[in-house]
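Each step along the sequence shown adds one to the number in my numbering, with nothing skipped, and position 189 is 289.
Please note: incorrect hints may appear among the correct ones.
Capping the alpha-carbon separation at 27 Å, the derived lysine-lysine pairs in BS3-like fashion look like this [as the list claims (entries may be wrong)]: (1) Lys-175 / Lys-339; (2) Lys-117 / Lys-175; (3) Lys-202 / Lys-305; (4) Lys-138 / Lys-151; (5) Lys-289 / Lys-276; (6) Lys-202 / Lys-344; (7) Lys-344 / Lys-289; (8) Lys-156 / Lys-138; (9) Lys-138 / Lys-305; (10) Lys-202 / Lys-175.
The set of hints was computed from the structure by calculation and includes no laboratory data.
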Amino acid sequence: MLPVSTEMTEISELCRKDFNWFRRFIETETGIQIRENKYVFMYNRLFKRVKELGLKSIPEYRELLESRSKRSNEKEFLFEEIVISESSFFRYEAQFDCFREKVLPDLVENRVGMGNHVTILSMGSSRGQEIYSVAMLVNEDLSLDQRLFVRLYAVDISSRMLQEAVEAYYPDSDVKTVPPIYLDRYFIKENGGYRILPRIAGTVKFSKFNLIHENWRQFKSADVIFCRNTIIYFGDQIKRKIVKRMSSSLRRGGYLILGHSEMIDASEFGLEHLGNNIYRKGRS
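Start from the sequences and build out the full structure, keeping to the hints where you can.
As structure tokens, then:
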């Protein structure tokens, strides 16, 4: 916990007055809602950034964000400080089991002869663990099926997260959830950690994308969309808007895979719930 001082008390009082402004600003730019009980968390993050920039107060930091000439780069720093991005390889094992045992075979059966390509997208991809997990499974199950070409895409709002994903390097602690056979097959030991082999990392195209502001037409006709532990941070209205966009972006018979706590009304979006928060779009 940060030490309490007269200066910090004054800043805290000023920060509390500005708290709703920061909440509105973040929600407007990203769709992410900061709840009232996150005041202390946000205050600590904002105060940390204020000190890094050599500013005197949080209101002064707000003025910086309101300045159009300096706003663009600093917005991203703010979002990365406030929004906690967590991911891991093969997170929610039951979902990946279903993906391998049911989704991939279904894609092979239904896509062969219909363009012969499969598009899989990871929304809110963080440092790439999710899409690289997918890439490993795709390589295992589809590498011998020369009839299909698989395209893997991953997007995130954070340039820093995307850069780390492209580098494809992870410390030992990050690969504990990788099955040993995959660790041996798809990683190389390097500098006390592990790097994903270029032949796997190179199959993924990463790009920056804001779920509420960007044009979704580039993702039309996706076969599978992973969007796990992302929409949980949005308010109901924005959440429904994003799920509707994802459903519209899926091919008929395509799959939407959400996080375990991200329940939706499947029928509202023309989807069928298959269990494990895996949804399929109608085929007709």
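Okay, the hints, checked on the actual structure:
| no. | hint | in the structure |
| --- | --- | --- |
| 1 | Lys-175 / Lys-339 | 22 Å, holds |
| 2 | Lys-117 / Lys-175 | 20 Å, holds |
| 3 | Lys-202 / Lys-305 | 25 Å, holds |
| 4 | Lys-138 / Lys-151 | 20 Å, holds |
| 5 | Lys-289 / Lys-276 | 14 Å, holds |
| 6 | Lys-202 / Lys-344 | 24 Å, holds |
| 7 | Lys-344 / Lys-289 | 42 Å, violated |
| 8 | Lys-156 / Lys-138 | 23 Å, holds |
| 9 | Lys-138 / Lys-305 | 34 Å, violated |
| 10 | Lys-202 / Lys-175 | 41 Å, violated |
Consistency note: the structure conflicts with the earlier hints numbered 7, 9 and 10.
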